[in-house]
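Residue strings, one per chain:
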Amino acid sequence: MKNEKSTEDVALGIRRRVFEHAIRNNGGYLSQACSAAEQLAWLYNEELNLGEPTLPMIPKLFEGVPHADNPNYHTGAGYNGPFLPEFDRLFIAPAHYALVAYATLIETGRMAAEGLEMFNKDGSSVEMIGAEHSPGMEVHNGTLGIGLSTAAGLAWARKKRGEKGRVWVYMSDGEVQEGQTWEAIQCCAHHRIDNVKAIMDVNKQQCDGAMDSVMEVGDIKTKMENFGAIVVEVDAHNLNDMREAAKTKHDGKPLIILAHSNPFHSMPILEERFPRLHYVRFKSEEERARMNLSIADALGVDPIDYAH
Amino acid sequence: MVEMVSRPYERAFEKHALANPDVLCISADLTSSCEIDKFRDNYPDQFLSMGMAEQNMMSFCGGLGLAGYRPFVHTFGVFTYRRPYDQLMASIAYPRRKVRIMGFLPGITTPGGMTHQAIEDISVMRSMPNMTILETGDATEVESICEAADSIDGPVYCRVLRGSMPRLFDTPIVVGQMRELSLGSDVLIVTAGITTEEALRATKALETSGVSVRHLHLNTIKPFNAGAILDHINSVKGGVITLENHVTEGGIGSLVAEIMADNGVGKKLKRLGLNDTYAHGGSRAYLMRYYGLDALALTQGVEGLLGQKLDITEQDLAEARVDAVHSLAKAEGL
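In order, the protein sequences belong to chains A and B. Using the numbering used here, you'd call the opening residue of the first sequence number 1 and step up by one each time. Using the numbering used here, you'd call the opening residue of the second sequence number 1 and step up by one each time.
A portion of the hints provided could be inaccurate.
Straight line, CA to CA, 30 Å or less: simulated DSSO-like cross-link-like pairs of lysine-lysine [what the hints assert, rightly or not]:
| no. | chain 1 | residue 1 | chain 2 | residue 2 |
| --- | --- | --- | --- | --- |
| 1 | A | K159 | B | K15 |
| 2 | A | K60 | A | K160 |
| 3 | B | K222 | B | K270 |
| 4 | B | K15 | B | K38 |
| 5 | A | K160 | B | K38 |
| 6 | A | K223 | A | K121 |
| 7 | A | K253 | B | K38 |
| 8 | A | K204 | A | K253 |
| 9 | A | K160 | B | K270 |
| 10 | A | K60 | A | K5 |
| 11 | A | K223 | A | K247 |
| 12 | A | K221 | A | K253 |
| 13 | B | K38 | A | K159 |
| 14 | B | K204 | B | K270 |
| 15 | A | K204 | A | K223 |
Calculated from the structure, these hints are not laboratory results.
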């Protein structure tokens with residue numbers, strides 16, 4: 001698709017939409033927008049080779065799960081374009097980043113803004129934790145660690161079939177606590193699956209708080225290299241870093257970009273909530289009002305009028 | 001004399017895979033144990049080693065399925081659902097990927113003990129939406145399992161026998177169609193897998209003692225057409241007895257019980273199988289005797305069901321087949 005906005009503008013737009021949503025709904029995945037906005041903006045606006053969306057701009061309501069008797073079932077992959085040999089696929093492994101992913105679809109013209117109003121509403125396909133049928137999603141990734149393995153299988157198959165399209169995975173650093181992640185990396189290296197590329201949001205946060213307090217994972221880069229990946233570390237808020245990293249040669253091995261991020265980037269007031277950043281629900285009206293003014297000011301937008 | 005057949009899966013898989021290029025042979029480090037070592041050596045382009053990493057293997061196969069391949073996963077049944085349960089559910093069952101899971105060593109058909117014995121696999125898989133379950137009971141069913149499994153529009157779990165086994169049937173598996181092995185009127189015996197051979201031995205002795213046996217063999221455990229089995233239940237006077245290489249909870253005994261309860265059938269039901277217990281390592285014959293899964297257990301079960309002593313002894317159960325722990329086909333027995 002033609003880029004109508006700069007990637008910087010897309011990233012700002014992602015944060016702005018997630019901010020608006022969180023203020024209006026008295027909570028949301030604000031921190032994930034802080035850490036991930038540039039990564040997802042860069043993927044969708046620059047790096048991914050995707051075709052035009054094949055699903056309606058306003059998402060369909062939930063039409064049932066996969067079943068032999070359900071002809072209406074569909075995945076949300078169509079928002080990332082058709083599944084054709086030349087196009088890339090993207091799996092968003094941490095499905096709780098869905099709010100940020102939906103905002104990205106809107107900012108890149110793949111989903112209508114009304115789509116976000118359907119977020120976490122009963123009967124909607126725009127689920128809180130991205131499901132297979134949610135916009136931009138293609139497979140279930142709700143449990144962490146599954147994404148890279150699925151991508152590896154698809155990538156192996158695409159290579160065998162001679163397809164040019166790559167398989168990208170958006171990962172979170174908490175996933176390295178799951179043994180499956182290491183199984184997937186060694187599998188890619190063993191089978192020389194090098195059409196897999198992943199970018200991992202290394203924000204050092206997880207549900208219970210700071211990762212080093214929940215389960216210390218050590219030097220992720222060295223560990224991944226030992227398991228057989230090519231690893232590049234970047235500043236997650238520096239687009240040029242990511243652009244350069246994606247060009248890294250990785251013949252016969254998967255490429256994993258460790259994007260070191262700040263979980264309150266562009267919304268410094270969130271630091272008050274550290275280390276409880278996983279889902280920010282305002283503790284009081286006073287906090288909500290204060291965060292509204294502070295974040296709006298930091299993003300350079302008007303505060304949200306949520307009174308009515 | 002029953003014909004014994006050696007390693008029918010090996011030939012069956014090769015034939016099916018060569019005729020279907022989108023079939024892939026997936027192994028989790030039990031390649032010769034699952035009789036696909038020759039296939040690995042002869043057709044490396046259609047073979048993928050996944051190592052001892054079942055969680056990755058399941059999600060990886062989900063990715064292969066997304067691309068239109070039909071992977072056949074080969075490992076021991078127990079390793080296909082205990083460790084990678086979440087991956088099996090999320091990456092294969094939910095999206096209905098055409099992954100064919102070949103679970104070897106069902107129930108107590110291994111001297112490997114608890115860690116190797118898939119004794120609750122049917123129960124687990126039955127409760128998993130979108131999953132089809134097939135079970136093999138003889139060489140002919142093993143010879144036809146690949147084609148049967150590959151005909152399913154969605155994921156399939158198969159309990160597969162390996163090594164040397166009897167040929168009991170002369171027609172291949174027809175998915176959804178139970179085998180009617182005898183059509184008597186006193187008692188209905190329902191079996192699947194290795195318990196069918198036991199029931200065949202028991203049937204002879206029971207008939208000699210004057211009990212008219214109706215015997216059904218199941219190879220399709222899910223989905224299941226209740227109507228057919230209801231007709232059989234209604235055709236016997238004395239009740240129903242199930243014998244399974246599985247715990248009695250959630251297996252074919254439960255299946256029959258649910259159908260009877262759902263339809264208000266007021267007949268007696270006796271369920272034989274592992275009774276809320278793990279097993280331990282040992283030969284198949286030893287374990288079947290110890291846990292009451294053999295022909296003698298079945299005749300005693302029928303006695304209880306009918307409330308009459310039949311005085312059938314081990315000697316009456318002729319042609320007992322005893323497998324050594326260390327078979328010629330696989331020295332380690334694993």
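How the hints compare with the structure:
no., hint, result
1, A/K159 with B/K15, "holds (25 Å)"
2, A/K60 with A/K160, "violated (34 Å)"
3, B/K222 with B/K270, "holds (21 Å)"
4, B/K15 with B/K38, "holds (12 Å)"
5, A/K160 with B/K38, "holds (22 Å)"
6, A/K223 with A/K121, "violated (41 Å)"
7, A/K253 with B/K38, "holds (29 Å)"
8, A/K204 with A/K253, "holds (25 Å)"
9, A/K160 with B/K270, "violated (52 Å)"
10, A/K60 with A/K5, "holds (26 Å)"
11, A/K223 with A/K247, "holds (22 Å)"
12, A/K221 with A/K253, "holds (14 Å)"
13, B/K38 with A/K159, "holds (25 Å)"
14, B/K204 with B/K270, "holds (20 Å)"
15, A/K204 with A/K223, "holds (16 Å)"
Figure legend: structure checked against the earlier numbered hints; hints not met, in rising order: 2, 6 and 9.
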